[in-house]
Each structure stands twice: as C-alpha cells, then as structure tokens.
Amino acid sequence: MNDSAPRIQKAQRWLDVIAYLVGRRIPATVDEIMEAVPAYAGRWGSENARDRDTVRRMFERDKDELREAGIPIQSEDYWVNHGATRLDGYSLRKKNFQLPYLRIVAEAQGGTTPESGDPAPRGARTIELHARESRTAFRALESVAELPGFPLRQEARSTWRKLSFDLAPPPDRPAVLYADRAGSEEVTTRTRVLTDALADRKLVSFTYHGIYRGTPTNRRVRPYGLLFQLGHWYLIGHDEAREELRVFRLDRMEDLVPNSSSPHTPDFEIPEDFTLDAFRDRRAWELGSSDDDQLVARVQFEFPRSLWAERRGYGRFVLHGDDGGSVREFEVRQVDPFLRWILSLRGEARIAGPPELVKRLDGLAREALAAYEPEAGEDG
Amino acid sequence: MADSAADVLGRILELLAFASRSDGIPLDEAAERLETDRQSLLRDLSLVLTREDYHPAGWVDDIRIEIGAESIRAFSSGKFVRPPALSRREALALSIALRAAACSRTGHERQELRDLASRLEAELATVPCPELQPQISVHDGDDLEDLRSLFEHAVSERRRCRVRYLSPDAPEPSERSLDPYRLAFGDGKWFVIGRCLKHDEIRVFRLDRVLDAEQTTESFEQPEEADFDSFVAGGRVFAARETVPVTVRYSPRVEVWVREKGPVREAEDGGVLVDFEVADPGWVVRHVLRFGAEAEVMEPAEVRELVVRSLRRQIN
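Each protein sequence line maps, in turn, to chains A and B. So in the numbering used here, spot 377 of the first sequence is number 377, and the numbers just go up one at a time. So in the numbering used here, spot 299 of the second sequence is number 1299, and the numbers just go up one at a time.
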C-alpha cells in the first residue's frame, strides 16, 4: 500500500460503505464493494493474495460492526442478465436505513385526523402517534436515562434525539436529583456486560459476596434477566453449580466476565416458562430459591406505623386492632433478611407468629444488644 | 473514554440529517442537539470533508457540506436526510423505558403502554430485538406514581401542597403545608424537597410517608440561593441542615461490601469503621439494626442509647 496515502479512519471507511450502498437500485457484490470503497480498493487491487484476504476480512468485520451499530446491511441473492445469472450481494435499503417518518395525529372518534408533522414523501414509512404517546415516550426515555446504573443510558439519550427529529419534546420537566451511590460506575459497567450476555445468551462468571455467607464464592451463571428495583440492580439467572435459579445483586459482584468462546453461538436458551415478572416487587425475604421452605409470618404493626405498612402495601392485611394498629401476613422464603427488616422497624412492628420466628427475632435482638450491654445478651 | 468509531459515525449521521433541512442548522444548535461541543462537532465534520482527499477521480461523493460562519448545510441526494433507524440497543432502551413506565400504571393504561412499546420497537428499529425486552425490567419507585406526578406538576407550576405526613417516631400523622422545590431519588426511594410552612425551613419528605397530598391554588416563589445538590450525598437524600457525627463499626463478615459504598477506616478486629454525618438519627438506627449483630454504633452515646432502646422493645 502506498505510504503517502492518507490514513483513512474507521468512521470514514464506514461512511464510504454506507454512502456506496444506500439507495442503490440493486445489491452490490463483494467485488464491487471492494473496488468502490477506497479503504479496500488499494489492497484489493494488488496481486498479493494475503492483502486481498486481509481486506476481505476487514469488510466482513465492518459489516458485522455496522449491523451492530444499527446499519441494516442485508445479504441478498439476486438475478442479472435477464434472469440468467444469480449473484450474492449486499444491500442497504433507504427505507430500512432511515428512521421512519413520525407524525402526531389527534385522537378523534371514528379514526384519526392529522395534527402536525411534515407529509412524508410517497412510499416512505410513516408512524402515527397520539400526542400523549409521544409525550410518554419522551418522558420514559428521560427517566431511564437518569437512572443510576442504567446500562443503556447513552442509547436512551440518542433515541430521545432521534424522536425529536420529527416530534416536539414536551417542555423540560423539573429536574430530579439522583443520589448516586459510590460504586455506581462499576455497576453501570456490569449492567452493560450483562445486557450483552443476555442478548447473546452467553454464560457469565463472577465472584459473589453474599451477605452473611462468609467467604466469597465463584459463580457461573446463565443470565435470564436483569431487574432494577428498590435502588439496586439484580441479575436473575441459572446458577450452574447449584442447578437452580438464583438472584444476585450487582453491587456484590466482582470480576464479572462473559464467556468469550464461540462468540456467535448461544451457550443456552432461556426457558420458555421463565418470566421476570415473577421477581418484580419482591422483597429480599421473598427472593429465595426453590428448595427454601416458605413460611407465613404474622406481624403486628403499631399505630401509626400501620398506616405506613398499608400505604406501602407490605404483606397481606389480616385485621385492625382497637388502637389503630394492624396485623399483616408475609410469605417468607429467607428468614434472615426478613428478621433484620423487622428489627430495623425499631419495635414498631413485632412478630406475632409463628412461635419459632418470634424466638429467632428475640435471639437476633439479644445478639445485637450484647455488643452494647454484654450482660443483656444472656438469656433470662 | 475515547469515542468509538460507532459513536463518531452515529453523531455524523445525526448531524447530516439535521443539516439536510432546507435552512441547515446553526452550529450551536447542532452541538446542543447532539449533546456535544462546537469543537467536537467540527472535528466530526472534518472526517466527512477530508474524505475528498483520498477519493479517487471519478468517485461521486454523495455528501456535500457547506459550513457558514454560524450554520451548516448538507446535501446528500436524499441518502442522509433522516437519522438512522434505531439500533438494537436503542430500540431496547425505548422498550425498557416504556415498559418501566407501564409498570407504574394500572389496568387499561398499563396495557396501552405495553402495546405502544411493542409497536414502536417493531417499527422504529432496524433489526428485531427478539425476546430481550421482557428480560430487563426497571422499577424505579415504589408504586407512588400518583404522588410523583402530583409533586412533579406542583414543582413545575410552583403550587403549594397540603399533605398528611407520617414522620418517623411521630405518634400520629400530621397535616402540613409544603412548597415543593425538587423531587429526588436515592436508596430506592423517592423524596420531595421543599419548604415546610409549619417549621418554616426546607425539609426532605419521603414519598412513602406521605399518606395524602393535594395541590392548592396558592403559588410560591422558590428561593434562588438554595443549593439542592447538598441534599444528595453518598447515595442518600437528606437535609444536611444540622447533622450529628455518628461512627458505626461493621464486622469482618460484612465489611467487604460496606467498603464498596464509600470511605472506611480499618478497625482492629478486621472490620471497618464508617463515619456518617446524620440529619435524622432514626435513619442510622434503622440502618444499623438491618445488620443485626454485624454492625454497632460506636458513638455518640445518645445514638447508642436509641439502638439499645429499639432492641429492648424486641426482646420478650
């Protein structure tokens, strides 16, 4: 290759590929692309087989990366010479490449009426939205883009910008203050790794610091879902060593690595009966594994804590007390987090049954108290 | 982190679309729209323009750009007049966002939003993103969408609110008038920061402790000098008005993930010590009790006493 040739940057090379392909009436063969795009043409035209092979592979990588970036280059076979010759080639249809036209229509009985937006050219794809749908989409994107640790924050912003090409965004909403935890950048990195692993169905390995489990453990997990709730990100996946579904908090993971072997081949399939909804709105004590015994705990809430429990929808309401308090029932799969939660309510909630749980909470409180009053921890 | 080629290409394609409008686009507006600065924008443009340097004779460049003193126009035979359709990741972001919004609605509205998500992800994306949408779920609140909307509106419109609020440790809920200034989110909970007229000072209210709220017809002026950023620190939302220094010791059993959350001091037994500035001592008591015997308030004595009192209430 001529050393005096200017260095063509990757983004320029990609732009050349797109400019060459988009809007062509018929697909282009690999030979045509190699000859037309300057970054390939020099080495493709050489006599050296290795150069030609290198640049051919470069195009293959470019094609994959462009597709990943959202440029829908399609492989097609097509006929030329009045149907006498069949060729393999690549195409980039304008209607697939470009964002469809977005238009706001008024909600009207018996159909819709146009409200705003430039008319799309003939044959262009148009998507009609109601004003409130447009507003909801903008607001929803703003919310996730601000969310600490959201893995697709950048993509939420670019989607917002693309929608704003045709649609007027709603007025700025009042700024929300987000209190980022220390370490939220690491969590963002982990969510991105896991998003890719989920999409590609690749196994992940990590070290996990489960609270109260003592030493960290190494895990190999098939990721089935990612869940953000109560201010934390969770991975729900099949733990290969334990052979069952487990829930992992992302801020307790270390050394997260996806399986890099056979990158284009899925390592597993997500079972059809798996649904992330089953894990939503569950508290730590409800996120047990399948072999954990489930017990029903009755909790007595004093007034006015009872109002708070009702407002939050904790447990199931059982009965009101004369003093304004209430009794609520909880399904508990993991006893420790449940007891620690009750303990944190500072005596404004007490376990009314079953007796073994009452005893365990008593024991936990005594154990904690022992640090402050050594003699108080002793029974009796 | 340096921009990847995909980032640069994405910006160029967006820029070309905006600059292809009949009047082009002012440089500053383009920079603002693309969430970048003027210099980076011109650097991106130079990548398009310098392609002429290596294009062979006969190459018909489909992109022509005119850079004026203050604006840019692009011509591309219709190829780059619109932004690219959504990539797989972008479609996924939209889908998750709409499904998260759907989760905070109920009934018919929830279904409508899910339908909208399905429609847009199918129609706006360049490639299908099969099955992935339901595998990522965002629930950024505690089913308090009604209150959030009410306060969001009240903050925008500067409308005074009347609330029935359950303070921690209060024997019963109290009626308050509140001028809401900001919404905040931290530690999985939503808060409203505003002036409590009863106490005539800015306070932080946890939304899950607001039992009822309504907007009044009265409006208010927001103090210009208020520094709302000082209300969020260390992953928490709190009024930093009058704080108490509290030291907590965590046992070796839990120190590893306490360590990840912020600065710690080493304790002699292999555990760690953390120094907090606490506006509400009740918060640190609840926090410590969540660790059972694995955390202990070291000082001050008054807060230790609060922990002891809480624990004694649980002992039969």
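These are computed hints drawn from the structure, not numbers from a lab. Treat the hints with caution; some may be incorrect.
Said to hold, decoys possible - Computed list of lysine-lysine pairs in DSS-like fashion (alpha-carbon distance at most 27 Å, straight line):
no.	chain 1	residue 1	chain 2	residue 2
1	A	K10	A	K94
2	A	K10	B	K1189
3	A	K94	B	K1079
4	A	K95	B	K1261
5	A	K63	B	K1189
6	A	K63	A	K95
7	A	K94	A	K63
8	A	K95	A	K10
9	A	K10	A	K63
10	B	K1189	B	K1079
Claimed, not checked - Label pairs and their in silico Cβ distance ranges:
no.	chain 1	residue 1	chain 2	residue 2	range
11	B	D1023	A	G210	52 to 62 Å
12	A	D336	B	K1261	28 to 38 Å
13	A	D336	B	G1282	42 to 52 Å
14	A	E32	B	E1123	47 to 57 Å
15	B	E1175	A	P266	28 to 38 Å
Unchecked claim - The following residues of chain B were derived to be distant from chain A, with all beta-carbon distances above 10 Å:
no.	residue
16	T1050
17	T1216
18	Q1314
Every residue gets a Cβ at the ideal spot worked out from N, C-alpha and C, and that includes glycine.
Against the structure, the hints:
1. A:K10 x A:K94: 22 Å, holds
2. A:K10 x B:K1189: 44 Å, violated
3. A:K94 x B:K1079: Satisfied, since the Cα-Cα distance of roughly 7 Å is no more than 27 Å.
4. A:K95 x B:K1261: 48 Å, violated
5. A:K63 x B:K1189: 44 Å, violated
6. A:K63 x A:K95: 19 Å, holds
7. A:K94 x A:K63: 17 Å, holds
8. A:K95 x A:K10: Given pair A:K95, A:K10 holds - Cα atoms ~25 Å apart, limit 27 Å.
9. A:K10 x A:K63: 12 Å, holds
10. B:K1189 x B:K1079: Cα-Cα ~47 Å, so violated.
11. B:D1023 x A:G210: 52 to 62 Å: Roughly 60 Å apart at Cβ, these two residues keep to the hinted range, so it holds.
12. A:D336 x B:K1261: 28 to 38 Å: 20 Å, violated
13. A:D336 x B:G1282: 42 to 52 Å: 23 Å, violated
14. A:E32 x B:E1123: 47 to 57 Å: Check failed, 31 Å falls outside 47 to 57 Å.
15. B:E1175 x A:P266: 28 to 38 Å: Because 58 Å falls outside the window, the suggested range is violated.
16. T1050: 7 Å, violated
17. T1216: It holds; B:T1216 is separated from chain A by about 18 Å at its closest Cβ, greater than 10 Å.
18. Q1314: 4 Å, violated
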